[in-house]
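Residue numbers (my numbering), protein chains in the order written: chain S, 1 to 190; chain F, 1 to 190; chain B, 1 to 190; chain Y, 1 to 190.
Quick caveat, the hints were computed from the structure, so don't treat them as lab data. Some hints could be false.
It does not matter which identical chain is meant; a pair holds if it fits inside one copy or across any two.
Below, in silico cross-link-like pairs of lysine to any residue (SDA-like), each with a Cα-Cα straight-line distance of 20 angstroms or less [stated by the list, open to error]: (1) K125 / D62; (2) K125 / D149; (3) K125 / T67; (4) K125 / Y111; (5) K125 / D66; (6) K125 / R148; (7) K125 / I187; (8) K125 / E65; (9) K125 / V181; (10) K125 / Y69; (11) K96 / P60; (12) K125 / E98; (13) K125 / V102; (14) K125 / D74; (15) K125 / D71; (16) K125 / Q7; (17) K96 / A39; (18) K96 / P5.
Protein chains: 4
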Amino acid sequence: MELDPAQTALVVVDMQHGFCHPDGSLYAPDSEAATEPCAELVDRARQAGAKVVFTRDVHPPDQFEDTHYYDEFDRWGEHVVEDSWEAELVEDLDPKDEDLVVVKHTYDAFYQTELEGWLDAHGVKDLAICGTLANVCVLHTASSAGLRDFRPILVEDAVGYIEQDHREYALEHADWLFGEVTDRDEITFA
Amino acid sequence: MELDPAQTALVVVDMQHGFCHPDGSLYAPDSEAATEPCAELVDRARQAGAKVVFTRDVHPPDQFEDTHYYDEFDRWGEHVVEDSWEAELVEDLDPKDEDLVVVKHTYDAFYQTELEGWLDAHGVKDLAICGTLANVCVLHTASSAGLRDFRPILVEDAVGYIEQDHREYALEHADWLFGEVTDRDEITFA
Amino acid sequence: MELDPAQTALVVVDMQHGFCHPDGSLYAPDSEAATEPCAELVDRARQAGAKVVFTRDVHPPDQFEDTHYYDEFDRWGEHVVEDSWEAELVEDLDPKDEDLVVVKHTYDAFYQTELEGWLDAHGVKDLAICGTLANVCVLHTASSAGLRDFRPILVEDAVGYIEQDHREYALEHADWLFGEVTDRDEITFA
Amino acid sequence: MELDPAQTALVVVDMQHGFCHPDGSLYAPDSEAATEPCAELVDRARQAGAKVVFTRDVHPPDQFEDTHYYDEFDRWGEHVVEDSWEAELVEDLDPKDEDLVVVKHTYDAFYQTELEGWLDAHGVKDLAICGTLANVCVLHTASSAGLRDFRPILVEDAVGYIEQDHREYALEHADWLFGEVTDRDEITFA
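This is chain S alone, in the form it adopts within the complex (with noise of 0.2 angstroms):
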């Protein structure tokens, strides 16, 4: 699968400490994982001149106390909460200047961030997608990138998951109804 980096953006999901580090609130061996191949496609993709985004998933401790039902600390104990360690990328993925990183609040790195503005601007149309959870913040974000008419492409050796079968879903559902999946190895970015 080649694509062409003057319209590519390889967009890296949430690879935190909160989800990747053993000491984070949220780890998950397999999005530890996901740290090489992760990093392996950053190199590539800057090497070939495409856009390179960071997504990081940010609560401020606040943020849940005036909704009326969302309310992730709930639903999965408090986590990456903003200015702590828990919301930093990991060490080997390290935004340079000309990156977007992306603060998200929600599963979705589109709701309510400047992600499809900057993209537009930017004359950005394909994804490359990876980072963790495959399930969560990743199937999320790529299914709101179809809807928007970009291409988004699961990239199935660079995700992390809690189980495996969420992994099989996430990759399964996105290839049916909005996107496609490949693997490292297939994508050439020229």
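Based on these hints, arrange chains F, B and Y on the given structure of chain S.
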């Protein structure tokens, strides 16, 4: 589960000929089977004074000509084309003047529609969701509702599906991440 | 100014009893005076095969009860309440089945409505805008259209207003920042 | 006018070299003159514990190549190009880590940006708005804030403009339709 009619809407997703009638191009028997359960919920919601919303999936013939990637005709074949018999609601579900009928062009009834604005302007906060397909438009709409801070409650014995395991995943996914699942017997509008 | 009917919609803003009829609570004679010019444009757009969109400003009686600050009843008094005679379109402007009627709850016909999605799904890119009030709902809608990359063309002899200088500013502002201004004689749908 | 720091943000619009420095391509002396008043408000907001938001207008060199109609370079000439000196904030306004810096690509700081999501997640409801240009980005941002149910308060002696009557209209328009106008002396963050 008691729902306050003053802040609740029943949302009936895509119960149209194209999905629910044997002559529909995307007919599934279990979508048709959801008709009577949906109609029964509509009756009870109306009697209690809750709002009723019907969504209709509608594709103008040329909708996907200008798109970069999102093309439902490519994935599903032509279906529920604007002004066709396929795009009409099934006979047993007959909107009244005071109901909202949302015409949607993607899987998500919130995406670029009047749904959120209408719910907000009418003080609706809780959504009982039924209709079809469980893991496509029902799931995408429920997910979008959750992120927008509505309380999405999927009515498991009033949703249609192609395969049983599609339904299972949709219900589990919604229950785990952003909503709740119940059945008709459990719901009281009062 | 030649407008291609295949990618043009005429947008008629808020020509309702509440604004255009002497018994309306926010009646302005120059809003009423816009009725015939709007009707004439509607005829010509229809004959040429361009799309026609009517917006209706509608406020549910309780709309502003839950809001923090935005309260149009506080600023304008109660007006165009849902299901009232005030909220109906004036008799001379009679939507046909193929037209879009947008119910809006704020000054901006794009905010939380189906307008953008409908225009996109129908391949519309250029908007001839008429209706009332020039410097309120016409201006806010035109401005929102511009930012969304539609071409908003204000038809200066088919807009209503309370005071003449309101109209002047609205036209100048739109022309300077995001759109164009013309009059009926200049427009050809072909 | 007392503003509760716990639910207030000061929003400083587009105080960048391109608009406020004599070498900027869209320089206006009265934009430059707003620098000190904005800086003074920033100091007071910080001391009181209110949030501080800076917006930056930024145009990638190719932003308008794919657009149908919206082309700011065509209207204004090339300005505040991404990564240029023009696009930087003026020296006297120096964001701190806890501030939000919003990169916007249109006149409206809410359009396709993270601003609404960030304000909501942080419990902000009231906005004191200053910066430049009064009748362009300040006005569009304030208008968008109002429709989204924030309380937009324009600080009249801390806004920049090209011509005095531009400022007058912007303030009148905002005050009449969706917000309030005050001056620095009147504002207390407490």
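First find the shortest C-alpha distance between K96 and P5 inside one copy, then the shortest across copies, and answer within, between, both or neither for a cut-off of 20 angstroms. within (17 angstroms within a copy, 34 angstroms between copies)
At most 20 angstroms between alpha carbons: which applies to K125 and D71, within, between, both or neither? Between. Shortest inter-copy distance 14 angstroms satisfies the 20 angstroms Cα cut-off; intra-copy 32 angstroms does not.
Which holds for K96 with P60 at a C-alpha limit of 20 angstroms: within a copy, between copies, both or neither? Classified as between: cross-chain Cα gap 17 angstroms, same-chain 24 angstroms, threshold 20 angstroms.
Homomeric proximity label, K125 with V181: Cα distance no greater than 20 angstroms: within (16 angstroms within a copy, 33 angstroms between copies)
Should K125 paired with D149 be assigned to within, between, both, or neither, using CA atoms and 20 angstroms as the limit? both (8 angstroms within a copy, 17 angstroms between copies)
Same-copy or cross-copy closeness of K125 to Y111 [CA-CA at most 20 angstroms]: This pair counts as both: shortest intra-copy Cα distance 18 angstroms, inter-copy 19 angstroms.
Since the copies are identical, ignore which copy is meant and state whether K125 and D74 lie within 20 angstroms (CA to CA) inside a copy, between copies, both or neither. between (36 angstroms within a copy, 18 angstroms between copies)
Intra- versus inter-subunit Cα pairing at 20 angstroms for K96 with A39: Result: close within a single copy only, 13 angstroms intra versus 29 angstroms inter.
Same-copy or cross-copy closeness of K125 to I187 [CA-CA at most 20 angstroms]: Classified as within: same-chain Cα gap 16 angstroms, cross-chain 35 angstroms, threshold 20 angstroms.
My question is about K125 and T67: at a cut-off of 20 angstroms on alpha-carbon distance, are they close within one copy, between copies, both, or neither? Classified as between; 11 angstroms across copies, 33 angstroms inside a copy.
For K125 and Y69, with the copy left unspecified, which applies at a CA distance of at most 20 angstroms: within, between, both, or neither? Answer is between: at 9 angstroms across copies they meet the 20 angstroms cutoff, but 34 angstroms inside does not.
Between K125 and Q7, at a C-alpha cutoff of 20 angstroms, which is it: within one copy, between copies, both, or neither? Within one copy only: 5 angstroms inside, 23 angstroms across.
Taken one by one, the earlier hints all hold for this structure without exception.
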